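A.B. asks: Order-wise, the sequence lines are chains A and V.
When we follow our numbering, the leftmost residue of the first sequence carries the number 1, and every step to the right adds one.
When we follow our numbering, the leftmost residue of the second sequence carries the number 282, and every step to the right adds one.
You may find that some hints are simply not true.
Unchecked claim - Covered stretches of chain A, going by a simulated chain V footprint (3 or more residues, C-beta under 8 Å):
(1) 80 to 90
(2) 101 to 107
(3) 133 to 141
If you are wondering where the hints come from, they were derived from the structure by calculation, not from laboratory data.
The structure presented is a predicted model; accordingly, all values stated were derived computationally and were not measured.
Glycine included, each C-beta is placed from N, C-alpha and C at the ideal position.
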Amino acid sequence: MDMLAGKVKRTEATINTMATRPDAHTAPDRPIRINAEDVTVHYGAKQALFGISIEIPDRAVTSFIGPSGCGKSTFLRCINRMNDTIEGAKVGGTITLDGENIYDPSLDVVELRARIGMVFQKPNPFPKSIYENVAYGPKIHGLARNKADLDEIVISSLKKAGLFEEVKDRLNEPGTGLSGGQQQRLCIARAIAVGPEVILMDEPCSALDPIATAIIEELIDELRENYTIVIVTHSMQQAARVSQKTAFFHLGKLIEVGPTSDIFTNPVHKQTQDYIMGRIG
Amino acid sequence: MTQLNSFIIAALLIVLLGFAYQSGWARSRKLVTANGVKIHSRSQYHGALVAIWVLIPALLILGLWAFFGPNITRAFTVTQIPADVVATLDQPALNAAIQRLQALASGYGVSGDLAPYEQGAGAALRNFQLVTFLIVLAAVAVAGILALLFARSRIDARLRARTHVERIINLLLLACSAVAILTTVGIVASLLTEALRFFTFISPFDFFFGTVWQPNNSGTAGNYGSYGILPLLSGTLMITAIAMLVAVPIGLMAAIYLSQYAHHRLRAFAKPIIEILAGIPTIVFGFLALVTVGPFLRDVGNLVGLDISATSALTAGIVMGIMIIPFVSSLSDDILNQVPRTLRDGAYGLGATKSETIRNVLLPAALPGIVGAFLLAVSRAIGETMIVVLAAGNSPVLRGNPFEPVATITVSIVNQLTGDTDFAGPQSLVAFALGLTLFVITLLLNVFALYIVRRFREQYE
Numbered sequence: 001m002d003m004l005a006g007k008v009k010r011t012e013a014t015i016n017t018m019a020t021r022p023d024a025h026t027a028p029d030r031p032i033r034i035n036a037e038d039v040t041v042h043y044g045a046k047q048a049l050f051g052i053s054i055e056i057p058d059r060a061v062t063s064f065i066g067p068s069g070c071g072k073s074t075f076l077r078c079i080n081r082m083n084d085t086i087e088g089a090k091v092g093g094t095i096t097l098d099g100e101n102i103y104d105p106s107l108d109v110v111e112l113r114a115r116i117g118m119v120f121q122k123p124n125p126f127p128k129s130i131y132e133n134v135a136y137g138p139k140i141h142g143l144a145r146n147k148a149d150l151d152e153i154v155i156s157s158l159k160k161a162g163l164f165e166e167v168k169d170r171l172n173e174p175g176t177g178l179s180g181g182q183q184q185r186l187c188i189a190r191a192i193a194v195g196p197e198v199i200l201m202d203e204p205c206s207a208l209d210p211i212a213t214a215i216i217e218e219l220i221d222e223l224r225e226n227y228t229i230v231i232v233t234h235s236m237q238q239a240a241r242v243s244q245k246t247a248f249f250h251l252g253k254l255i256e257v258g259p260t261s262d263i264f265t266n267p268v269h270k271q272t273q274d275y276i277m278g279r280i281g
Numbered sequence: 282m283t284q285l286n287s288f289i290i291a292a293l294l295i296v297l298l299g300f301a302y303q304s305g306w307a308r309s310r311k312l313v314t315a316n317g318v319k320i321h322s323r324s325q326y327h328g329a330l331v332a333i334w335v336l337i338p339a340l341l342i343l344g345l346w347a348f349f350g351p352n353i354t355r356a357f358t359v360t361q362i363p364a365d366v367v368a369t370l371d372q373p374a375l376n377a378a379i380q381r382l383q384a385l386a387s388g389y390g391v392s393g394d395l396a397p398y399e400q401g402a403g404a405a406l407r408n409f410q411l412v413t414f415l416i417v418l419a420a421v422a423v424a425g426i427l428a429l430l431f432a433r434s435r436i437d438a439r440l441r442a443r444t445h446v447e448r449i450i451n452l453l454l455l456a457c458s459a460v461a462i463l464t465t466v467g468i469v470a471s472l473l474t475e476a477l478r479f480f481t482f483i484s485p486f487d488f489f490f491g492t493v494w495q496p497n498n499s500g501t502a503g504n505y506g507s508y509g510i511l512p513l514l515s516g517t518l519m520i521t522a523i524a525m526l527v528a529v530p531i532g533l534m535a536a537i538y539l540s541q542y543a544h545h546r547l548r549a550f551a552k553p554i555i556e557i558l559a560g561i562p563t564i565v566f567g568f569l570a571l572v573t574v575g576p577f578l579r580d581v582g583n584l585v586g587l588d589i590s591a592t593s594a595l596t597a598g599i600v601m602g603i604m605i606i607p608f609v610s611s612l613s614d615d616i617l618n619q620v621p622r623t624l625r626d627g628a629y630g631l632g633a634t635k636s637e638t639i640r641n642v643l644l645p646a647a648l649p650g651i652v653g654a655f656l657l658a659v660s661r662a663i664g665e666t667m668i669v670v671l672a673a674g675n676s677p678v679l680r681g682n683p684f685e686p687v688a689t690i691t692v693s694i695v696n697q698l699t700g701d702t703d704f705a706g707p708q709s710l711v712a713f714a715l716g717l718t719l720f721v722i723t724l725l726l727n728v729f730a731l732y733i734v735r736r737f738r739e740q741y742e
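Just chain V, same shape as in the assembly (with noise of 0.2 Å):
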């Protein structure tokens, strides 16, 4: 029922849209012969305004319903349940109850007896819906026309069509990057209240200082368990730290030799695929090391005599690393690539060699921007969830031996948000404190790595 009804919304305005563009462009047309005056905007824009104008109201009626009426139709739901039963039920209870004559007036039917009120109330709600749907139908449509006619009527010669559709597509525009701006926002300020929140139960000192992480998962008041964050921050730096020290140099050189060595046929294979890299599932790379990397690196340990786990910081910043070499090298590719040809041509001029000129004058002259595509792989390993989840062995215990499990933030976040999750004690508020930790974090590091990678750009351009 719903979905019909919203197409036949959908219908309905694209037919007067349609109608109204026309009819705008039509009659603009005309202005042009039957007088022979310059119009000021071409036929397209007039038709565009009309629409335009259609549209607004349309849309302002649609938005007014869908704010207010679900409120509207639930205010008569509950006037068709009598006011004797009203009285018995709590909220849970009403709410049911609602839901049952909803299902009801959707011709779904509901599980069990109907109590004696319900037939009737729920064929009162199927009439009360259809009734309502044909007002806002039709208030669409009056609504439309008038504004047509509204419009239509403004056309002439030296109206200026343009200009309005423009300030209309840029007011569009902005408004979308408002959404991105406004979903940041909106993601902040959830993240901050129920972190506050979390803080409620536990305090910050305790949270952020605190060295013991066990969560009493079915634990009640005053008996919650510990919040340390710092094993968790200890792990997730240990396995970004050995992420680097493997995607760091390997990336690195592989961006040397792509952008100043390889002969242009083998870059053309060899980037895409190195960038593949890139587009392969975290979760592959999990299995990854979970299956291959792990059980190798505990069995070489045996070999040398050292005690490696099979799940371990080592085995997921391994992985980690190989992930994130993609990044590392494209980024740092395309930067070795922005260092003005003139420069190298330069170095080659007074005779340096082809390492002599990437070591002393393309290294140092794309080092800002190198260091700025680090920081970004770094903010992407920090913030790396399924690898961890399943490499890095899950113990959240403050400890330096890389080659012991550990957790990190985002596993935590994980075990917290899983299972039976009521967001009413620090069990799973928690989620919210870590993720604002890990959210600051990489946010610092986006800014900082901007800030260095726009130094970089000011140089050459």
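Here chain A stands alone, though its shape is the one from the complex (with noise of 0.2 Å):
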């Protein structure tokens, strides 16, 4: 109970904190990075998404927030084309990143998932030891030229997502023996391993103990100065933490976009309101 309370009040904090912080509005004003325009997804015969669009700006955190089954992690999924691996699913529409149309026939999806990583719901380390789980995708990339520049690149992927602390005695020991928080910490370093432009998390807190989700949110909060981070959250709260700019889905539908703040203090359509006063959702 005392944990809740404290949850909700660091909640109103961060909104205030937000409010009088500069980069907190200026940041939907920052350069626009992804832009969808008019996306669908059907798997099957049924319509998961009804013609998304929505502009994502450079380096800055965007929520996608929305009750379960609202098409959220569908949208995150078309971003890096990972709807491409799920049989009978088809994407409408066009997604640009930097002015490139992602769906290009001509455009080779690996590379373009070397650019936009990937966190999911659940810590999925590969069966492999720590240093490899972070050594595989610039392995396959062939980031590295030696044995040097590797470890290299996973000590600082490890530093940047806060773990190297924590494994620095054990980077030969399975990945899978880390705590949950650990693990999704290992998957955030893998994915900026390989060096990427947008981090896409797809629920990263999802599975994880309050003081896990704390870490992971601060982590967050670091990396945006680097990358454009897209977040799937089914916490308002986390929405409201960790994000400049929050879209609110509802049935496949993209209800409401804007600056978070704006969504969580005065939001313009009903439905949006009802979602983040807890009367749908």
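Put the two chains together into one complex, using the hints given.
C.D. replies: Shown next as structure tokens:
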């Protein structure tokens, strides 16, 4: 109960500091990195997304919120074309990254995914050592010329993910032996190691306890300096804490999008308001 | 007569059971309506409990009769043969005489002339059988009815009939699993005792380390022949190795294709077809080896200047490999599908290609399970008989050339057990020693495979 109260208090505090923080307002004015226009997704006969259009700013955190099954994860997976791996999924409309259509047939999806990294809902380290988990991406993309290079990439990625100090003495132990929060930071390090420009996070904290969640949220805030981050979350408090821009999805439609502080303090649509007040979802 | 007897007893039991169930059910129903007390168990359970109470003494009596009945009948039959005649008969002749009397009693008649006593003795036996049958029947009925009355009198609101019935069902399930376990124990025990008898003729050292397999099938004491298992073991292992060389790559690649690349419609169509391969009787694969594959390999050998026999380790191994492809592919396919989707997504999300994902993430994650599948396939190949009987050439000589005929442990068991077998000499007893060896090999492989598969499961569940 105390923890919950603390969480609520913290949310309010975060919203307040956000309102006063200069970049909280300026973030949506940053240059547009990703532009989606009229994106639809069909899974077989079932339509999951209806005409989503949204602009995602550079080096800021954009969060997608909405009730379960609203399509926010589906849309996230369109951005790095992960829906390609699902049989029967059809994506329509256009999504551009720096003005380049990512659904262009001539575009190499492998290259795209190296530029747009992804962190998943459940921590999913490979059944390999901690070192190998992080080194895997650089290896398949040929980013390191020699072992020393690779070591450096691994160490700097682990440092950026805030995990290095905890695992530096056991880099050769299996990644699956870490705690849930550590595993998720390992997955973030793994994504960073490839040198992406964008990082997509699909409910990265939903399998974690509040303390591990707080650590990851701090990390996201730091990563914002260098990466364009899109995060899907079930927790409105989390969206309020970490993001500068928020998009509310409902039943496969994008209902409202705007600066996070506006969405949470002054939503335009009634559905958004209802969701934020806990009346739907 | 006996069929009719069993039928009468079964009918009696069913009637009794139905009546018992009905009466238990009805009595417990009355409890409900009479005073409105809440009863512990529902009426079905009371009915079932009464029925079980009836069944148990009846089955006990029948079991006792099944166990002691034949001996009692036999003892009675012997008393019907005049003592002076019995004195002249040795054991087999006495058995024959008893059989004649039983045939007479059953009304089928016998060949040859009747001895003076036989007609009367047959009639007496017939009467005896009828009387004992009636006694047993009456005993069953009386015991059943007594049990019914007793069980019925116990019914009241507090009787925990459901608990009792469920405990009995529990015991029944336990008994069923005990049957499987006890059968295994019994088979092992019989293999062991007979194999030990074999080792009184041939020393274990000569058996396990002997390099010559030459049983002297008509030999007598002192000249049994040689029973070295090594030529058979080498044949078995050679054929198994060839089979695995065929089955593992093909099966594994098929599994990878089906689970990762194939369109779901193709998969829905191809997977059952591959699995049908597992349903083809092995003797049919034997034909295939003997009639098609063997001659084909011989011709190919001629073309390239190799001397390949039509029946050889190669022929049997290749066909056996084809036979176990579905084992490998089906099991590997399941295991590849068990690898969590999140792992695959993780690799794709890093920009790994499909083949990189399969090679670097899926296969390592699934490896223990796949090894388990291979070991199960190996133990199946080792125990396979029909293909080898037809296609391996049955030549129990120790040599390393897969193009020549070989013999395996299974084939030699078949050879030693066909024809005259009296289980008095090592010629047929060796089959048990061979069977035991085979059993131990496949048992170890299975245990190892299960151990590996289980470790794989623990990792993801």
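A.B. asks: Among all the numbered hints in the text so far, which are the ones the structure does not match?
C.D. replies: 2
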